[in-house]
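Protein chains in written order, with the numbering used here: chain A, 9 to 230; chain B, 104 to 465.
Keep in mind that the hints were calculated from the coordinates and are not lab data. Hints may be right or wrong, so weigh each one.
Lysine-lysine pairs mimicking DSBU-like chemistry, simulated, CA-CA at most 35 Å apart [claimed, not checked]:
#1 A:Lys-20 to A:Lys-175
#2 B:Lys-164 to B:Lys-115
#3 B:Lys-212 to B:Lys-303
#4 B:Lys-303 to A:Lys-20
#5 B:Lys-115 to A:Lys-175
#6 B:Lys-115 to A:Lys-16
#7 A:Lys-226 to B:Lys-108
Not close to chain A: a few residues of chain B, all C-beta gaps over 10 Å, as computed [unchecked claim]:
#8 Leu-114
#9 Leu-121
#10 Leu-129
#11 Leu-136
#12 Arg-172
#13 Thr-179
#14 Pro-210
#15 Gln-214
#16 Pro-230
#17 Ser-240
#18 Pro-250
#19 Asp-313
#20 Val-330
#21 Ile-349
#22 His-365
#23 Gln-459
For every residue, glycine included, the Cβ atom is placed at its ideal position computed from N, Cα and C.
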Amino acid sequence: MIKSIFYKEWLKLRLCWCLFLVVHMGLVVYLLLSLRSTLLASGVVETWATMIGRDVLMVNQLMYLPVVTGVGIALCQWLPEMQVKRIRLTLHLPVDYTASIGAMLLCSLVGLCLIFSLDAALLAGVEQLWLPRELVWRTFLTCLPWYIGGLLGYNVTSWCMLEPQWKIRCADMLIGAPLVALCFLTAQPACYIRMFPWLLLLLVVTVCLPFYSVYRFKLGKQ
Amino acid sequence: MKNFKSQISNLKYLILVLGLIVAAWLLPALYDLVSPRTDRLPFVVYSCLDSTFIRFETTGKQVRYVDFRGQEFTKTEADSLLPLFAFRQLVAEGRLPDSLFGVELTPKKIQQNAFHFKTSPKQLNKPAVGLYTMLESASGRVDLQLPPDVFRLTDEGLEFIDCETNKVNKAKSLSFSRELSKHGFTFPVGLIWGNASTRKDYDNGFLLTDANSRLFQLKMVKGAPWVREIERGEMKIERFIQLFTIEPANRKLVGLVVTDDHQLYAVRANGTLAHVDIDEYDPETMQITIVGDLFHWTLTLYTATDSRYYAVDAESFERVACEIVPDPELPLSQRIRRWVLPVRLHFTSWQNQYIQPNINND
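So that you can see chain A by itself, here it is in the shape it has in the complex (with noise of 0.2 Å):
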């Protein structure tokens, strides 16, 4: 039954997934061909003393995907599902109610992860030819808290959508976007450090979130 929980999310997500993944694909190497360009036009030498000196790693523009991703990922999934109730089917399987809607959860947070995982390795693989380990390893702890933000917006917005009562709804959307918010205080590289087991944290407790939204559906909360 969990898979085919599995095979219908990918149905219904896949063409998602797909565009997701392009335009991740695409950015990343867009960065990496802007990252070559600098090199070239202005000297390896003068980049390299601008990314150790000034502390820019010219992989901003990346800053908000992650959490595109994860918000849109979780509007294409959750949408279809609240519109017309047509979650009471799922619900109504012959499965735990938590084992479908964790598998549908997890389905997407495994997807999530995959495509943040691509990023990360195009990313440090061709970065590593041209850049010291220390630079490489900087750009990562940078855009490590934008991932995470992606899969915190994905859970807190699968908590919204997954609310039955409007007035909830708002008040949940109140307490979530600062939280995913979190992540993206600063684009200052590897500031993050000390922050990262907060938000792991916050990724796990996030996680539960949408269970309890459909624990009050179940309950008939209109």
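For this one, chain A is given, so just place chain B on it according to the hints.
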């Protein structure tokens, strides 16, 4: 899973906690946005003629010149009392004294001995890149040039990486590491500080400490390493906690260093240390500004609770004057905020560039 299911109804408490966290973060931030603090810290400089500090207090577009005795001066009087600070104005008005304390004054001499240094905890407490640029300090050219490589620190020495190939330059790495070892340097490097900027008159290279907390200076002279140990003399220094390399125009100093007991030392160009006679300087929590001239240095230290002003002799670094001014009482709007919103959660701080949770740490 069954256990989780039975707990789902309790998730409302978790949401409540998240709501409280968001409120403790955003409500005080919104309050501060609506009623921002407008108090400005005054600029303070020591007058060698009046033997007192003169404060430049800015309120709106007005600047008041007052000393700590409460005496107020006009701008012209302040210029006269600070001949080394306002020398350009005095030269323009033909009022620059020919000599002061038996020392002949010329604009060039004043300019060459003027020294400015400023740093704050926020500038220091940030993630380090771990890559450093060693400039050529004796290229024979007036302008400094960026070198074709950068270096990293390893447990065994320095490792130079060629920028064009992104490969380690083993010969150069070995040469610099060996030269350091030859002078008694024990790897790994503890602290290191250098100014990679090419917008300066000359280069003093790097100050660095070894595994035994011994202090060294390292420069590149005509492509080769140049190393010397900084002598501590009779000074009882256990450990250094912060190093700064400086390049003053008069070339009398190489750097400033701070020890674990928060004492500030100047590193003279002859490779010796001189204690700067101030009570304490903790680079983790205090902002420091040094304005130096031919005769004195004015050191201003801002702490979380007060502002400290010291004047020391520019040669011996012995204290000449000191004023400690407690911070003024919080404005009414801030006192109201602390009463209405007693818990303030924030993720950025004036003390560092890290994003991390801080509670009531303004």
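### Task
Against chain A, does Leu-121 of chain B hold up as non-interface, every C-beta pair farther apart than 10 Å?
Label violated. Min Cβ-Cβ 5 Å, cutoff 10 Å.
Looking at Pro-230 of chain B again, its CB stays over 10 Å from all of chain A? 4 Å, violated
Query raised in the report: Given the proposed pairing of Lys-212 of chain B with Lys-303 of chain B, does the C-alpha separation stay at or below 35 Å?
Result: 18 Å, holds
> If you draw a straight line from the CA of Lys-164 of chain B to the CA of Lys-115 of chain B, is it 35 Å or shorter?
Replying inline: 53 Å, violated
* **Leu-114 of chain B and chain A, when compared Cβ to Cβ, separated by more than 10 Å** => Since the minimum Cβ distance to chain A is about 4 Å, Leu-114 of chain B lies within 10 Å and the statement is violated.
Asp-313 of chain B non-interfacial with respect to chain A [C-beta, more than 10 Å]: 22 Å, holds
Mind verifying the non-interface call on Pro-250 of chain B? Its CB should be farther than 10 Å from each CB in chain A.
Pro-250 of chain B is in fact no farther than 10 Å from some Cβ atom of chain A, at 8 Å.
Check: So is Arg-172 of chain B really clear of chain A, every C-beta pair being over 10 Å apart?
Finding: Label holds. Min Cβ-Cβ 44 Å, cutoff 10 Å.
Check your understanding: Taking only the CA atoms, is the gap from Lys-20 of chain A to Lys-175 of chain A under or equal to 35 Å?
Key -> It holds: about 28 Å lies between the C-alpha atoms, which stays within 35 Å.
Does Ser-240 of chain B sit more than 10 Å from chain A, CB to CB?
17 Å, holds
**OP:** Measuring Cβ to Cβ, find out whether Leu-129 of chain B lies farther than 10 Å from everything in chain A.
**Re:** Given a closest Cβ separation of 6 Å, the condition is violated.
- Beyond 10 Å from each Cβ of chain A, as asserted for Pro-210 of chain B: 32 Å, holds
Violated hints, in rising order: 2, 4, 8, 9, 10, 16, 18, 23; the structure is consistent with all others.
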